[in-house]
Every structure is written in structure tokens, then in C-alpha cells.
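Colleague: In case you want the letters, here they are:
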Amino acid sequence: MSPTQPDRLGHWGRFGGRFVPEALIAALDELETGYRKAFADEGFRAELDRMMREYAGTPSLLYEAERLSERAGARILLKREDLNHTGAHKIRNVLGQALLAKRLGKPRIIAETGAGQHGVASATAAAYLGLECTVYMGAEDVRRQALNVARMRMLGAEVIPVTAGSQTLKDSINEALRDWVSSVDSTHYLLGTVAGPHPFPLLVRELVSGIGVEARRQCLDRYGRLPHAVAACVGGGSNAMGIFHAFVDDADVSLYGFEAGGKGVETGQHGATLAAGTVGVLHGARSYIMQDDDGQIIESYSISAGLDYPSVGPEHAWLKDIGRAKYEPVTDAEAMDAFQLLCRTEGIIPALESAHAVAGALRLAPTLAAEHGDEATLLVCLSGRGDKDMETAARYFGLA
Amino acid sequence: MSVAAVFERTRAEGRAALVGYYPAGFPTFDESVTAIDTMIDAGCDIIEVGLPYSDPVMDGIAIQRAAATALAGGTRTREVLRLVEAVAGRGVPILVMTYWNPVEKYGVEAFARDFAAAGGAGLITPDLIPEEADEWLAASDEHDLDRVFLVAPSSTTERIAATVAATRGFVYAQSIMGITGERDHSPTAAPELVSRTRAATDLPIGVGLGVRNGEQAAEVAGYADAVIVGSAMVSCLLNDPDHGMERLRDLTAELAAAVTRRPIDA
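Protein chains in written order, with our numbering: chain Y, 1 to 400; chain S, 1001 to 1266.
This is chain Y alone, in the form it adopts within the complex (with noise of 0.2 Å):
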């Protein structure tokens, strides 16, 4: 098996799979056939690159971040998915799982949401597109999140609070599935990163795989090479799939992702699933998770929210068995100071996820420096911008 594509039910060695209940296998056999005869059929892929382009706003830019690299002691590329409309790469999912629900005939689609931005960009294609839009959000994060609630509501979806278990997004994503069960026949559950049951994971790879197609296509124009490393941070794991995907083949180009190390692993408080997580079954796949010795769910914990999930999607479980990506926490201290710095060097404010692989990127520039001199080149996946964590930076920093 190609460790890039899984096998007929959907596992990358292990991982990945349908743990589901049977209702609904029938439609994500539907989903399956479907999206595949939606990708072989020119038409559709046509019209996908046009909303692309011309809604979204890709291929997004790759910009050399000089005033970082110098303070970094290597060259750091940013992957500038924070310029698409909605702010970050997850609009290169909504549109296209939302265009395929059209395709098959659902008129509603349902979303579930942590910080609220899948949702508000879940509520966008919805809007754009003409569907009805229904999202589900803890209820906590309902009261935390009150702008992008607003937006939602903005955009004519209706957002659902969540009151059950511990009301974050792993409980949104159990009320999605529960309402999922009950409505298949009109709904599309627009799953928001490559988590979830086959065929999700990779269906949600193939429409944010343009991330790293885009950026390996910009970094041979520009430089006539390869990056050595691509870091991207992880949560569910959809950006850093997005970018990965188009160097898994190229051997010389190292794979980082970086995991919500939150206070720090030892507490306990930490959302770093791939590095300090079990192999378990949660939200349909088999992954890595956190979990207790009796297979009890625990919380995770992130500064950022999009980070704050105890699991994380099955190819990433994959890629690290077989030794090609690697997976390291970043804590919440560390990513607010790469925050902080790529704001006063470049006057980019990036969101806290994205914040994650800017951090890892600076803990690994020294070792590239010392291996590759000063061509050391770092490509990393800014999969996101900081207005909806202005509030959270704020606070940390004393600014409000």
C-alpha cells in the first residue's frame, strides 16, 4: 500500500476505518461513490477551480518572511492561507464539500464548530451556495466566541448550542453525528478537518491539498528548489495534511507537525495527541487519542481552540508509525512568543493554531542552519489570521 492512499475501507496501516453506527454507512458509501465521480468529472473540478480562484482567493501567496528568518538563522516561507476569504485554509474544504452536497442532491448541511471558525466558514458556503446551514457549538464556546456566533447567524445559519458532556468540539461533533443519523437522506455533515469516518480523511486532504501543491509548485519557481522542512500545526490535522500531502514522496523534505502542548504535556493539559496520545476509536476512526485506562475521553486543552481536540486525523497517526512526519508539542508560552514575534517582524498577526507552527519552526531552524548552512529553508503552513484571537492575545499580553 502507498502510505498515501488507504485501502478500500478507508485505513492507512492501522488507523482511519468507519466505527460508526451502521445507519450510516449508507451514506458514506454515497458520500464515497460520490466524490469520486465528482473528481473525475471535468466539470465539477472546473467549477471548483473557479470558485477557488475567483471566490477564495488562490493559489494564496508564498511569502518569505526576511525579518523572522534573520531573527530564526534560516530562510522561513509562509504559506499565506490567511489571505483566503474567510481567513484561513478551511474555505478550501467548506466550498468543496459543499459543492459536492449540492451535487448530491442535500439541500441542508450541518457543521459542527470549536472556536467557530469551520463553522463561519461552513456558514459561508452555505450562503454562498444556497444551502441551509445548520451548526453545532459547545455551548461554553457559544459564550466565548459571541463575534463569530454573530457571524454565523450573519451568514442566515443557525447554531445550535451544545449542552452535552463537556460542551466543547468533541461533544459538537457527537450532537453532528446524532443529527446526522436522523436526517441523512437531506443533510451533508461537512466534516471540518481530515478526522471522522472513511471517506472523510480523505476527501477533506484531496480539497485542502492545494496548499502544498500551490506552495511546491511556488517554492520550485522561486527558489528552483525544495524546502528542506514543512511544518504546520495540528490539531485535527487539515492544514498540515494540506501541505504534507505534496511532499510525502519527496524523500529529502522533512515533515514537522506541531500539537497543542498547552501547559505542557506533563500536567495533563494538552491537546498533543500524536505525542503524547494512545491508539484508540473516537469520532469513527481509529487514531491516535487521548484517553483514560478505561478508554474514557479525556479533555484536551489548547490556548487556541482549533487546536483543542483528543484526537487528530488517522494519515497523521499513519505518517508517524511509518517514521515520515514527525510530531512534536509546542506549548502555549512558546506559541504566544512566535506570536508575538511575527507581529512586530512582519506585521502579521497570525492565529493562535498558526502561531503553533511558526513556533516549531524557530525550534528548528538552529539544526537546519547547522545542517544545510544558509540555504536552510523552511516552508510553514500560516494556515490562519489572528482577528478572532484577538481577545485571548490580548488578555495574555495585558493589552486589554
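Quick caveat, the hints were computed from the structure, so don't treat them as lab data. You may find that some hints are simply not true.
[Said to hold, decoys possible] Which stretches of chain S does chain Y cover? Using the computed rule of at least three CB atoms under 8 Å from a CB of chain Y, they are: (1) 1051 to 1058; (2) 1061 to 1075; (3) 1102 to 1115; (4) 1123 to 1133; (5) 1153 to 1159.
[Said to hold, decoys possible] Computed far set for chain S versus chain Y, every beta-carbon distance over 12 Å: (6) E1013; (7) G1014; (8) F1029; (9) D1037; (10) G1119; (11) Y1223; (12) R1247; (13) E1254.
Remember, predicted model here, so these are calculated numbers, not experimental data. We put the beta carbon where it would ideally sit given N, CA and C, even for glycine.
Given chain Y's structure and the hints, the job is docking chain S onto it.
Modeller: Using the frame of chain Y, we list chain S on its own:
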């Protein structure tokens, strides 16, 4: 007693079996033992013990709340096995309904061994489909445990055939496209699903999700081999902690009477 023996008996008696679900540890370990004893005394033919789980995607609000209480009270896999041991040997087979992760974390073979040793009869696995179940198929063979997989109104004929081929004990037919919980209307998709399933197997077929009273149970008993009731049982103690056990006894008795209404030669 085995599940197969129960269905031999209920078939001979010309009636459906009554399967009652109750979550371990709700509201306390001891009260869950009492609740299950009550259900057995009042006429349940088979007991499903729920293993409380943090992320129950198939469960409606009543069972979610009960599971959350049980988890907060410290109920974990070992307590569930202890509960099985406490209620086994009452002449009623004890199945455990569990999401897959706790079993996998315990170790599939080890769970099968310890569950069988506790007197358990088999597992109902709402988020495990046969394609993902190789390890469980082997362990359940090794320890002679039943394995109850689900079929749903959305299941294709091919999937029903593959699912029943992997099933032992009885087939769990999900009566509606939805989650657990009591409903006012009888499940309209269930008769067709039972008929499609019956065309693929001689195994008994139980219908679950949504049955809350004797009238609905009698209707389901008219075409299925077992009537499975969960949320309505749980709600007795959830909604009326002071008189929950009496309500549970009365509801079980009502349901048990209802599933015997079918004429012997029907």
C-alpha cells in the same frame, strides 16, 4: 441461560422476548443492581447492561444523562463487569451494550475472557460494523459469546446479508433513522426492515429505538422476535428518583404483558 434458549422458549410460547436496557452505575452501582433485579423480576427476558461512555453518538438525551451520572460516580469497565457478575445467574442472559473504544482499551481478548468469566452472554456494539470487527469475531468465538450487530433502515440488502452472517444471538434492527429515545409514534420503517432481515437469516430479530409503552411494544411484538426498550426504562429513575423503582417495575410489567399478546400461531 443463553440468548438462543430464551428465543427457543419465547418462540414456543408464541410471543416476543422483552429486552430491557439499563446503564451500569446509574444512579449508583447498587441502585443499578436493584434496577436490573427489578426488571428481571417484572418480566424482562434479556438484559442489556449499558457501559457508560463519554462520547455516546447513538444515544439520546435520557441515556446520555444517565451515563454522565454513572461516569461522574466513578463507573468504569471493571464496575460494569462486576455488575454483570452480580446479576448473572438469575436465569436471564446478560448482554453488554458498549461503544467500541472501552473494549479496545481494555483489550478485546481480555475483555471477552473477563466478561465470559463474569457470566456475560454477549455484546451489542452500536459503533462497530462487522468489517472492523475481526478481533472481536475471533475473541467471541474463543469465549463462546454472542455478538449482536445492528441493521438500519438505510442498510442495503448486501449489507444486511453480511451483517447477519457475522451476528450471533439475535439481530438488532434499528427501528428508525435516529438515536435512542422515547417517541410518540410507532416506528414505521421497522416492519419492512424486519422483513428484509428475515429474508436473510433465521436468527431472531429484535427491534429497538423509540418504544416507550405497552401499546407500541405489542405492535412491535406482532412482527419482531424481541422488543428492546431502553430510554423509557432509564427515564423512570431519571425523572422520578423517589419512586423510580416502582415506576420501572410497573413499566416492565406492562411491557412484558404487551409482548405476550401475539396469538401462538401468528
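Colleague: Tell me the hint numbers this structure goes against, listed in increasing order.
Modeller: Hint check: nothing fails, all pass.
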